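Colleague: Given next are the chains, with one letter for each unit.
Number of protein chains: 2
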Amino acid sequence: MEFLTGVKQKEVLEIGALLLPEMVGREVKVNGAVHAIRDMGTIAFVVLRKREGLVQCVYEPGKADFSLKELREGGAVEVSGVLAASEKAPGGVEIRMRAVVILSEPVQAMPIPISKWKMNISLETSLDLRPVSLRNIRERAKFRIQDGIVRGFRDFLVTQGFTEIHTPKIGARGAEGGANIFRLDYFHRPAVLAQSPQFYKQMMVGVFDRVFETAPVFRAEKHNTKRHLNEYTSLDFEMGYIDGFEDIMAMETGVLQNIMGLLKKEYSRELAILDIELPDTEKIPCVRFDEAKRLASEKYGRPIRNPYDLEPEEESLIGRYFKEEYGSDFVFVTHYPSKKRPFYAMDDPGDPAFTLSFDCLFKGMEITTGGQRIHDYHMLLEKMAKRGMTEEGMEHYLMAFKYGMPPHGGLGIGLERLTMKLVGEDNVRETTLFPRDLSRLEP
Amino acid sequence: MEFLTGVKQKEVLEIGALLLPEMVGREVKVNGAVHAIRDMGTIAFVVLRKREGLVQCVYEPGKADFSLKELREGGAVEVSGVLAASEKAPGGVEIRMRAVVILSEPVQAMPIPISKWKMNISLETSLDLRPVSLRNIRERAKFRIQDGIVRGFRDFLVTQGFTEIHTPKIGARGAEGGANIFRLDYFHRPAVLAQSPQFYKQMMVGVFDRVFETAPVFRAEKHNTKRHLNEYTSLDFEMGYIDGFEDIMAMETGVLQNIMGLLKKEYSRELAILDIELPDTEKIPCVRFDEAKRLASEKYGRPIRNPYDLEPEEESLIGRYFKEEYGSDFVFVTHYPSKKRPFYAMDDPGDPAFTLSFDCLFKGMEITTGGQRIHDYHMLLEKMAKRGMTEEGMEHYLMAFKYGMPPHGGLGIGLERLTMKLVGEDNVRETTLFPRDLSRLEP
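For the record, the sequence lines run as chains A and B. Count along the first sequence from 1, add 50, and you get the number used in our numbering. Count along the second sequence from 1, add 50, and you get the number used in our numbering.
Just so you know, the hints here were simulated from the structure itself, not pulled from any lab data. Check before you lean on any hint, since a few could be wrong.
One copy or two, it doesn't matter: identical chains are merged, so the pair holds either way.
What the hints assert, rightly or not - Quick list of in silico lysine-lysine cross-link-like pairs, BS3-like style, CA-CA up to 30 Å: (1) Lys452 / Lys166; (2) Lys168 / Lys452; (3) Lys168 / Lys389; (4) Lys168 / Lys433.
Quantities reported herein were computed from a predicted structural model and do not represent experimental measurements.
All chains should be built: construct the whole structure from the sequences, respecting the hints.
Modeller: Okay, here's the thing in structure tokens:
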């Protein structure tokens, strides 16, 4: 009988191992994709693309037992040769090629110059050719940063006693109301796709006190903008036993601090590739909605058109104000008008026209919506009645409150938006592996 | 201007802090849900439910400045009192109550005895009352174990150089074929819900070499069984530059070892509550499909009815065989028949009627399907043609191969099934927070 005992060390080396000083001069074996071949006549450079970065190999006729013609960009190969120091090569080392094993071959030449630093192709082309355009080093780095953001989010919440939950995306009704809801046939019953895990995460506060979920949500928005997607990844958390909604903002600040710390520590390669300067998250200013509007209006001379709404341009000016006045890329804007928030938002007892809720703006764009929720059953029914909502279809949600729920609140962070602002893009599709919008259902 | 600077220490204590030896005799403040009130006449026990477990509080009339009648099961409270040693209390300490602040009150008494060790309610009732039935300590513990499984999966893959991806759940076509696909209207275009992230994770191997995703998948299975859900969480990974499909089984073994290690280290409380003995994952036997069938058939006298299929009862007997003969709860069954696997499975060059693929059985049930995939463009087209498939709608998937893909493979683990078998349940709904099946779309 054969047995599997776990992951074994392989003979082929990863980049981390190649960079150890004692490796120079040794015979090494490395695999990777042929990212670029640069034939200089007397010698040629063969650049391998590996998950950790690029490896430069040098081909010199007569020193290798194969012909350069055997290699094709896009192929997967295993290269053997001697590791040599080379100041100009990535990581300061290169492999003098001796032999190669072709693991796999492409059938066509690359349709776009993925080995260039910037490909200079349109977003449309980049999205149409996603399986290959992402092979570009800069494109790929954005999604490594995204990987770090999600890790930083989860890791921090785990240290704070949160439990990860997995809630259904198919349901009988939406949590957020409104028209932007996808409908489907569920065994001849009408069903919808989840606009958010809102109801479920609140119910689970009654079970685990603190919960989070990182999962897709679906919004049938009928307009194409640079900041909206019809499917996106929502980083959600919800926590009980709060003293106030400040506890939620404090938790998000901790999350953001942990994300930036993790990126700095473990994603320096990608930060360098994308030339990202991490934002300061040591202290994040916090300002009331109406005050934020006033400050931005006064400083930039833009009249307040609607005291109950925050237009994208106003968000942008508020972001600019707090960058200029306080040096902060982030700002919490609190006390959103009650009529702009869902029924479950807790109204400010001091002024029920406003809520104990907030948005977090990052470089002038909303990346988070959060706040305290109503935990009292009767108060919840009252608010629903005031909005003309019925209890029908809400029985399970209301059940949690009927049998007792602690004071609680939470938030949802749009992963693609946070990534977009962090890596300096201006269209959320740039930081979505396979975006879904009005016109795009593929790839 | 106010600023948020991160998470601040609160005056209220968590259970971890109560258990420090120096705390006995001190005045403490603790919040939680009133899990049970046991009035013994002269004194009463008030048990608080917190995320880390239960805390026993003792109420003695005259020693507290409130009446026991003010407390209701299901309410959320903040208790003040003196911490005392108590052999019989959970953790060996109890709080002698002095004062209480009511944070929130229920409006009805609990409909099920959530504070009992076993509630003795039907699965149907438990699912109908999910927001409260999960407040039972044993119910909740199953999902803490599930939380640990997902952490153990991800954490291990991160150490192995994997990148987390988020792929779309709405698409133009399914990856796995067959009839079990949910359809929806996407802005007047036909669309489907993802049966698996298969195509996307393969495409992303060309970008990141190693990727994983933990996300919902959707299967419109038209039969109700104890092992099927219409929506479940799939733990997927896919890795390039493999030497063979053994590399994938080795990686899964590493994943399972890490999961069990993490559970042992950080989830001992839940393991004890559920009386779980963790399975040994040091070495996992690996047997060919046909050989596994033969061994089980010979030992248990069950004739092989179909040499190309594995019935649930056969899976169960194979699991039993390897437990009895090798003491292993896990077994890899390899070389599944080609006609039972999707087109993208790599056929065994030595015998193309079988594939370089495997299932992992855990206690006699399939929890994983994986294998090597075809990476050669022409071979893929050939296999598709042989199955009567057209390239239409597959252009983006095929694009990845056209421009070069390394040898690769991967797997998908059904989270709810793995949890079910680990905690000793026999219906996958028991280990799903909010299951979706033919008849259940709520809560």
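Colleague: Are the hints correct? Go through all of them and say.
Modeller: Each hint, compared with the structure:
1. Lys452 / Lys166: Answer is between: at 20 Å across copies they meet the 30 Å cutoff, but 60 Å inside does not.
2. Lys168 / Lys452: So Lys168 and Lys452 pass the 30 Å test across copies only (23 Å; inside, 57 Å).
3. Lys168 / Lys389: neither (45 Å within a copy, 45 Å between copies)
4. Lys168 / Lys433: neither (53 Å within a copy, 37 Å between copies)
Hint check: violations occur at hints 3 and 4; the rest are consistent with the structure.
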